[in-house]
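Participant: Sequence lines, in order, name chains A and B. Per my numbering, numbering through the first sequence is continuous, rising by one, with the last residue being 444. Per my numbering, numbering through the second sequence is continuous, rising by one, with the last residue being 122.
Simulated from the structure, these hints should not be mistaken for lab results. A few of these clues could be false.
Reference listing, derived: stretches of chain A covered by chain B, where coverage requires no fewer than 3 residues with Cβ under 8 Å from a Cβ of chain B [said to hold, decoys possible]: (1) 372-385; (2) 429-443.
Cross-link-like lysine-lysine pairs, in silico, BS3-like; alpha carbons within 25 Å at most [what the hints assert, rightly or not]: (3) A:378 / A:436; (4) A:436 / A:406; (5) B:67 / A:436; (6) A:431 / B:67; (7) B:23 / A:378.
As the structure is a prediction and not an experimental result, all values here were calculated from the model. Ideal Cβ positions, reconstructed from N, Cα and C, are used throughout, including at glycine.
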Amino acid sequence: GNSVTQMEGPVTLSEEAFLTINCTYTATGYPSLFWYVQYPGEGLQLLLKATKADDKGSNKGFEATYRKETTSFHLEKGSVQVSDSAVYFCALRPLTQGGSEKLVFGKGTKLTVNP
Amino acid sequence: KAGVTQTPRYLIKTRGQQVTLSCSPISGHRSVSWYQQTPGQGLQFLFEYFSETQRNKGNFPGRFSGRQFSNSRSEMNVSTLELGDSALYLCASSSLRRDTQYFGPGTRLTVL
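For reference, chain A alone in the conformation it holds in the complex:
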């Protein structure tokens, strides 16, 4: 079946530190891959996405590259800020007939950035 595995948190970093949150997936074919972010008390916001192998998604200094050989989509940021403190979710949308939008999510990784 389809599944997403994220590194477990919580992750605590100092401001300007380098961030990596690992994400690996299991799926048939080549799913689309996403990173969503959830700030306290809010819904999910799309951070970045990649729809095919070797695509790099990027937004707000965050990057992730779709690696089919390692079935991974790790999230990175070179210099985190206090405002990046949130929960980050890796997700996939399986390749299906009929165009279903169903997303499969990882458990989420809570990031805290200290000044």
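Could you slot chain B onto chain A? The hints should help.
Facilitator: The following block gives chain B in isolation, referenced to the frame of chain A:
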């Protein structure tokens, strides 16, 4: 363009009651999906609607149901509430291109 809106934002119910949650998608979006978020189970897919038809359904009991109206607004209903139904219920919509889902702020349901 206004985002996905969900009402109400917070609900408190007691066991055995039923509840209806509402979701208004982004204008022009015809696909609406619902997810349940709990600390223990994380984000789980409930169901998906497109043009008033249920296109996909997650592994939830029949107490959970939904529908979509001709204006793409969607409702979900939970009957005979149980304590374990306490969760954040998130609605997401997507356009005809179907490449990205946009989420609303959620409805926080507490069952006492």
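Participant: Now look at each hint and say whether the structure bears it out.
Facilitator: Each hint, compared with the structure:
Only residues whose C-beta sits within less than 8 Å of a C-beta in chain B count toward coverage, and the segment 372-385 of chain A has 6 of them, enough to reach three; the restraint holds. Under a criterion of three residues with beta carbons nearer than 8 Å to beta carbons of chain B, the stated coverage of the segment 429-443 of chain A is upheld, 9 such residues being counted. The suggested pairing of residue 378 of chain A with residue 436 of chain A holds, with an alpha-carbon distance near 18 Å, which does not exceed 25 Å. Only pairs whose Cα atoms come within 25 Å are accepted, and residue 436 of chain A paired with residue 406 of chain A is accepted, the gap being roughly 20 Å.
For the hint pairing residue 67 of chain B with residue 436 of chain A, the CA-to-CA distance comes to about 20 Å; that is within 25 Å, so the pair holds. With a C-alpha separation of about 9 Å, the suggested pair residue 431 of chain A and residue 67 of chain B falls inside the 25 Å cut-off, and the hint holds. Simply put, residue 23 of chain B and residue 378 of chain A have alpha-carbon atoms about 37 Å apart, too far for the 25 Å limit, and the pair is violated.
Going down the numbered hints, you'll see the structure goes against just number 7.
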